[in-house]
Amino acid sequence: MIATVNAWLGVVSAQHARIAVEHGFIQLNHGKRYNLQRLGGGDGFVIYSPTERFGDKTPLRAFTALGIVAAEEPYLAEVMYMGARGNIRPWRRRVDFLPVRPAALRDVPLQLTQEPNWGYQLRRGLVSLSAEDFAVLRSVMTS
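Throughout the sequence shown, residue numbering follows the UniProt record's numbering, covering 1 to 143 in sequence.
I should point out that these hints are in silico values taken from the structure, not numbers from a laboratory.
Among these hints, one or two may not hold up.
[Stated by the list, open to error] What follows is a set of in silico ranges between Cβ atoms, one per label pair, in the way DEER data are often shown:
#	residue 1	residue 2	range
1	V79	P116	23 to 29 Å
2	Q114	Q15	27 to 33 Å
3	R124	Q15	31 to 37 Å
4	Q114	G86	37 to 43 Å
5	A71	Q121	22 to 28 Å
6	M82	E115	30 to 36 Å
7	R85	A135	35 to 41 Å
Treat the numbers as computed from the prediction; the structure is a model and nothing was measured.
Where is the CB? At the ideal position from N, CA and C, for every residue including glycine.
Using the sequences and the accompanying hints, generate a full structural model.
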């Protein structure tokens, strides 16, 4: 069992989640640093993907990755092209992702989704997640 300090839910398309898992990092809010600074080493981290690709209109609504935030601080990546945003140098944070299988939102009972208008907070790109919800997601996605 993985002991975590805090747990977080990041909102990223499934396509970008696969890139994050492959390279062992997370990039949130189009490369801004502020949400990455909230993460601590040892924190649990889950990616929720509302869509397959950024900008898609067809909903996916699935948890697509899960891991533990590394102790290192956020770092600046190389300059990259971000479409309408032009060239940016994004901030990233290393995450040790576990081998998991995606889980549909509708199939996972979470405290988070019991709140009225719970989905509105996802617009911030990063949401605090209870230890219980992280444990449920870890169990469902790693079994």
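Open item on the list: Under the constraints set out in the numbered hints, which ones does this structure not fulfil?
Closed with: 1, 3
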